[in-house]
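> Now for the letters of each chain:
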Amino acid sequence: MEFFFQIVITGLSLGFLYALAALGFVMIFKSSSVLNFAHGGLMAIGAFLFLVLSAWARLPIWLAFLLTLIGSFSLGFIIERFFLRPLIGEALIEVIMLTLGLFYMIKGLLLFIFGGDLYSYPDFLPPVLTFHWGGIEVTGVYVATFIIGLIFLGLFGFFFKYSSQGIYMRSVADNQPAAMALGVHVRRVFALSWAIAALVAAMSGIVLGIINGINVHEVSDIGLKVFPVVILGGLDSIGGAVLGGIIIGLLETFTGGYISTGLREVIPYIALIIILLIKPYGLFGLVEIERV
Amino acid sequence: MRRLRFHPCGNFNETYREELTIFETDFGRLSLLVGLILLFVVVPFISNAYILYIVNTIGIFAIAAIGLNLLIGYTGQISLGHGAFFGVGAYSAAILSTKAGFPFLIAVPLAGLITALVGMIFGTPSIRLKHLYLCIATLASQFILEYIFVQWEGLTGGAAGISIPAANLFGIDLGSDRNFFFVIFFCFSLMTWMAVNLTRTRYGRAFIAIRDNDQAAEGMGIPIFIYKLLAFGISSFYAGFAGALFAYYMISITPEPFGIWLSIEYIAMIIIGGLGSIPGSVFGTVFIVVLSEVLSNVTQYLMNISPSIGGAITIAPLREFVYGLAIVLFIIFEPKGLAEVWRIGRSSFRLWPFSY
Numbered sequence: 001m002e003f004f005f006q007i008v009i010t011g012l013s014l015g016f017l018y019a020l021a022a023l024g025f026v027m028i029f030k031s032s033s034v035l036n037f038a039h040g041g042l043m044a045i046g047a048f049l050f051l052v053l054s055a056w057a058r059l060p061i062w063l064a065f066l067l068t069l070i071g072s073f074s075l076g077f078i079i080e081r082f083f084l085r086p087l088i089g090e091a092l093i094e095v096i097m098l099t100l101g102l103f104y105m106i107k108g109l110l111l112f113i114f115g116g117d118l119y120s121y122p123d124f125l126p127p128v129l130t131f132h133w134g135g136i137e138v139t140g141v142y143v144a145t146f147i148i149g150l151i152f153l154g155l156f157g158f159f160f161k162y163s164s165q166g167i168y169m170r171s172v173a174d175n176q177p178a179a180m181a182l183g184v185h186v187r188r189v190f191a192l193s194w195a196i197a198a199l200v201a202a203m204s205g206i207v208l209g210i211i212n213g214i215n216v217h218e219v220s221d222i223g224l225k226v227f228p229v230v231i232l233g234g235l236d237s238i239g240g241a242v243l244g245g246i247i248i249g250l251l252e253t254f255t256g257g258y259i260s261t262g263l264r265e266v267i268p269y270i271a272l273i274i275i276l277l278i279k280p281y282g283l284f285g286l287v288e289i290e291r292v
Numbered sequence: 001m002r003r004l005r006f007h008p009c010g011n012f013n014e015t016y017r018e019e020l021t022i023f024e025t026d027f028g029r030l031s032l033l034v035g036l037i038l039l040f041v042v043v044p045f046i047s048n049a050y051i052l053y054i055v056n057t058i059g060i061f062a063i064a065a066i067g068l069n070l071l072i073g074y075t076g077q078i079s080l081g082h083g084a085f086f087g088v089g090a091y092s093a094a095i096l097s098t099k100a101g102f103p104f105l106i107a108v109p110l111a112g113l114i115t116a117l118v119g120m121i122f123g124t125p126s127i128r129l130k131h132l133y134l135c136i137a138t139l140a141s142q143f144i145l146e147y148i149f150v151q152w153e154g155l156t157g158g159a160a161g162i163s164i165p166a167a168n169l170f171g172i173d174l175g176s177d178r179n180f181f182f183v184i185f186f187c188f189s190l191m192t193w194m195a196v197n198l199t200r201t202r203y204g205r206a207f208i209a210i211r212d213n214d215q216a217a218e219g220m221g222i223p224i225f226i227y228k229l230l231a232f233g234i235s236s237f238y239a240g241f242a243g244a245l246f247a248y249y250m251i252s253i254t255p256e257p258f259g260i261w262l263s264i265e266y267i268a269m270i271i272i273g274g275l276g277s278i279p280g281s282v283f284g285t286v287f288i289v290v291l292s293e294v295l296s297n298v299t300q301y302l303m304n305i306s307p308s309i310g311g312a313i314t315i316a317p318l319r320e321f322v323y324g325l326a327i328v329l330f331i332i333f334e335p336k337g338l339a340e341v342w343r344i345g346r347s348s349f350r351l352w353p354f355s356y
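From first to last, the protein sequence lines are chains E and X.
When you line the first sequence up against the numbering used here, it's residues 1 to 292, in that order.
When you line the second sequence up against the numbering used here, it's residues 1 to 356, in that order.
If you are wondering where the hints come from, they were derived from the structure by calculation, not from laboratory data.
Incorrect hints may have been included.
[Said to hold, decoys possible] Cβ pair distances, simulated, as ranges: (1) S164(E) - E19(X): 42 to 48 Å; (2) L169(X) - S33(E): 23 to 29 Å; (3) G262(E) - I251(X): 23 to 29 Å; (4) Q176(E) - M194(X): 15 to 21 Å; (5) D174(E) - I251(X): 53 to 59 Å; (6) L169(X) - I259(E): 44 to 50 Å; (7) A181(E) - G35(X): 54 to 60 Å; (8) F77(E) - S176(X): 53 to 59 Å; (9) R128(X) - S120(E): 57 to 63 Å; (10) I259(E) - N168(X): 42 to 48 Å; (11) A166(X) - I274(E): 41 to 47 Å; (12) W261(X) - N212(E): 21 to 27 Å; (13) Y162(E) - G219(X): 43 to 49 Å.
[To be verified] Taking beta-carbon pairs under 7 Å as the criterion, some of the chain E residues facing chain X (in silico): (14) R58; (15) L98; (16) M105; (17) A195; (18) I275; (19) L276; (20) P280; (21) F284.
Idealized CB from N, CA, C, for every residue including glycine.
Isolated chain X (complex conformation) (with noise of 0.2 Å):
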């Protein structure tokens, strides 16, 4: 066996392959295999329920804002329609195993390949537009699909929805969430470890080429458009492959969730948890989903103590509140969110006592 690499203290990199490598040091490596094999054979049996299901549900969003980070932290196009991809999934998934009878083997990867389409089709206007305009042509798009989910009765089932068979997957029933959280971690870790490489790789770093100057990128040789759609899909697909985890582990779907408030949320998270990083993606689902639980889990608290204080607090406003109140306070003192966070928690403890 190799001796364990030790961090220098600098940057020594003398060959690319050092600079791209993930883990600087062995520790990274071993640390990961740790938290891998408390997330999979600790986690799902020390929790209840009520923790269980907002474990799962940090699962399927942190996906869904792994590709949302890909498209906006990445190669800088901005995406106020992210909500509704993830609704697009979700009623993609549901239609093919209702109408068309698929498996959920099948459904899930589909389903994600349908938004991603979808996706495609609403990024076409990235060709001439770019920041503010591609910003606004996306809230269009936002608005478009919520009227397609509710209207289009006779594929969605308008206002009332869809309900969805449980899933079953190689004949065991994934109706419980413990067995459920198998299923979605195994994603997540799979579409993380994807979009990890994914930055490595020529499509990657023509997308972050793409991001810091598009004029530069186009005169090295990058055909902005194709790659500008590229990420719109394959973040679109990351968002439907979440759709349809979402529509499988909720069961009965309907138009409400995927409305603006998602798109914002989504991108909520990624600004709280650092663009362009994609742990950052993952620590900002787990801080608003969590910020999520605390407040509504606090008005219910209020109201159990003095139902006169706590009916004039509803969970709509003070979520609004709250989380626009972070928002804004991130962007003001911590644009790099919480990523630079515990990168500067890191480094400090690294260093001690000589930190600075």
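Only chain E is shown next, with the shape it has when bound in the complex (with noise of 0.2 Å):
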């Protein structure tokens, strides 16, 4: 039982954890209908910032992770202005390929700076997250992860909600010459849901790395396990992001614990080919309906 309870708790943390990374992608695929390849990449640049700020060059945790914060934000601008823009409108191949080619030159790069090594954070989670509950430890790290998860899923509901910039964002989702009609900067938001993206990756990177270490090729394949979490909440959908996410860690866990580790790292991919054959666009999708 206790074997359980623990694989039901590494399963959640992990399952928080691919939902933080497919927030920022449902971001982007939710204002530009851009399906982001890159996203294991940004998530590593966050992770390997946030790593060379703290323990490289020793700032204090709280400014690290805010410079992190501004910088991964900056880049996710830069992104959009220098390779994205152009390719407005073009065809659906390109654009995938343009993300996959800017992932590969993300990956080259950090690789070339960082090799293939295991780094890790120092340590500053305190102390007392770590609880104890019978007979099983949920260490500090699982319950950082559920607490950042908490907070920005609450952030961005009411980003969405209430802000004017999120309102925009949620128009052009929803029909965008409406919005540009309607006096929407159209360009401004596919720009600004790029650098939220890219900040919500850079978070997803370092929590990614407070509880495993970073590794140049694990961090950036994680970027490729989102696919199968957003498919099976929906492309567009937040919600379906966290609950996907969800599903997918308990799978991948309860897989590894009780059938055999080899199909964990396959196992959400089966689910993936099985969930779109069955309802592509997932639990909480927009069903395009389209006879042919």
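Starting from the two chains in their separate frames, assemble the complex, guided by the hints.
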């Protein structure tokens, strides 16, 4: 039974991590319909920026964190401005390939600088976060993941519901020409959505780094795991991304714990194919009805 | 003998036959003939072992890249699993020749057919899905196939892989690069010829109709699901055939080369070469393979001058970065790829000195 609970806890925290990663992905897809393969790269950049600032430059943690967020926010702007904007209105494959190309550029650059080694952050989590519950130990990093995940989900909820920029974003996602006609600055919305997505990606990269330590290959591979999550939840649904993340996280840890560790890596993709065959628009996705 | 046709100063096609023609002028036909003679008679005898190895690799990869271009460039179905299909071909050929004892001549086409079947199975999500959903589904098939290569140890030999006996065709040993060159480029010419002609038949035109607008295609009476599956089958056949040649050429295979990276490399080839262009696929393959060799030579060269610099530069990150950069630059500045560059270059020569 203890084993079972341990698996549930690990699965949930992994799920929250996936949900955080998926959040930034959904953000971009929702506002500009771009399938962002570079998401893992953005996560890795955030994670390594934080590493450099906190462990190498020895800045205080809060300052390092703030600077990382600012850095990735501006990186998102830059990527949108120089790479994505020339392609507005181009074919899907070109946009997809552009993000793939970006992904490999980022990955190659990071591998070039940091190599394939595993790094870990200085230990900064207060020990009060660790608690015992019966025989089960829940370590501080998992609690921190939950807390950070919840804070960000709350912030996003409020942002989309009440802030003017959030409402612009939703309007662009809903109907781009209509939003444009009503005076929404669509290009600014695209840029802002990339910037926010890069920020969230950096967050999830840091959280991943706190849990497992960071390694260029590992962080960037998580970026591909985002696909099963968002397909399960529905490509354009934030709530779906969270639920999908938790389901995929649990599925992965349960397969790893009870069936086989080798299967653990592919089970999300097997689930992905099944979901696509049965319910391609996911749990909460917008169903586009089109008869051919 | 009829008179050689020159290029007219414009398109004045009066019949469909003229529009469908492959060679607009007799010079195209002549230059192809010269090119083929150069390829088969001169190249294998003047190049050393290293050059021959590169040329052979280009030939094998070009076959698979043409297959992928038929799927993405002509039918508009994005596949991120082509590398795995290439691997299925390689493994089928290896298993057929070691476990079932089939000779080279049968094992290679059979491996292509098996891969076509696998490709059609993984193409079934295209019944309901298109665009990015299909793209994600094929990404999943890449990971699932990769898992099968590693885990089904009884059949694939797991991480250790399979060694294949040297190929033998009509009693001639194909162990040497030069003998294998003729096999590869005979197959390459045949497959290219088939692909070029396929795009002129009703099947190829149906593919193009599906790419341009699938609803209109259905409205014109094209059963699009059957044609999409057929496109997956043909494309996987090309991948499997090339994979089988690759397995025989490499003599032993492991799951390692058939990862997601290979699929990306194939897509890079056809994007850089030009989507929807058969010569483009070949240009793209040449570009990528030569780029990869140049990069590995550069790293080795740096390593030799000064180990302290060279030690820091390893080939993998450099290659990933340069490939990524090449893809990004081509998409932003020349989305139609090298085929378009070639066309522009040719017509500026043709129109000289009045090139406007």
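> Now tell me, hint by hint, if it's right for this structure.
Hints versus structure:
Between S164(E) and E19(X), the C-beta spacing of about 55 Å breaks the proposed range 42 to 48 Å. Take L169(X) and S33(E): their Cβ atoms lie about 51 Å apart, and the range 23 to 29 Å is violated. With their beta carbons about 27 Å apart, G262(E) and I251(X) fall inside the hinted range of 23 to 29 Å. Look at Q176(E) against M194(X): about 43 Å separates their beta carbons, and that is not inside 15 to 21 Å.
Judged by the Cβ atoms, the range 53 to 59 Å given for D174(E) and I251(X) holds: they are separated by roughly 58 Å. The supplied range of 44 to 50 Å is met by L169(X) and I259(E), whose beta-carbon atoms lie about 45 Å from each other. For the hinted restraint 54 to 60 Å between A181(E) and G35(X), the CB-CB distance of approximately 56 Å keeps it satisfied. Look at F77(E) against S176(X): about 56 Å separates their beta carbons, and that is inside 53 to 59 Å.
Look at R128(X) against S120(E): about 44 Å separates their beta carbons, and that is not inside 57 to 63 Å. In this structure the hint that I259(E) and N168(X) lie 42 to 48 Å apart at CB holds, the actual value being about 44 Å. Taking the beta carbon of each, A166(X) and I274(E) are about 42 Å apart, inside 41 to 47 Å as hinted. Checked against the hint of 21 to 27 Å, the pair W261(X) and N212(E) passes, with Cβ atoms roughly 23 Å apart.
Taking 43 to 49 Å as the suggested C-beta distance range, the pair Y162(E) and G219(X) conforms, at roughly 46 Å. At about 24 Å, the closest approach between the beta carbon of R58(E) and any beta carbon in chain X exceeds 7 Å, and the interface hint on this residue is violated. Interface hint status for L98(E): upheld, as the beta-carbon distance to the closest one in chain X is roughly 5 Å, under 7 Å. At a threshold of 7 Å, the smallest CB-CB gap from M105(E) to chain X is about 4 Å, leaving the interface hint in force.
With its C-beta approaching chain X no nearer than about 19 Å, A195(E) sits outside the 7 Å limit, and its interface hint is violated. At its closest, the beta carbon of I275(E) sits 10 Å from a beta carbon of chain X; the interface hint therefore is violated under the 7 Å criterion. A distance limit of 7 Å between C-beta atoms decides the matter here; for L276(E) the minimum to chain X is near 5 Å, and the interface restraint holds. For P280(E), the interface hint holds, the least distance from its beta-carbon to any beta-carbon of chain X being 6 Å, beneath 7 Å.
Annotation: F284(E) was flagged as interfacial toward chain X, and the flag is violated, the nearest CB pair being 16 Å apart, outside 7 Å.
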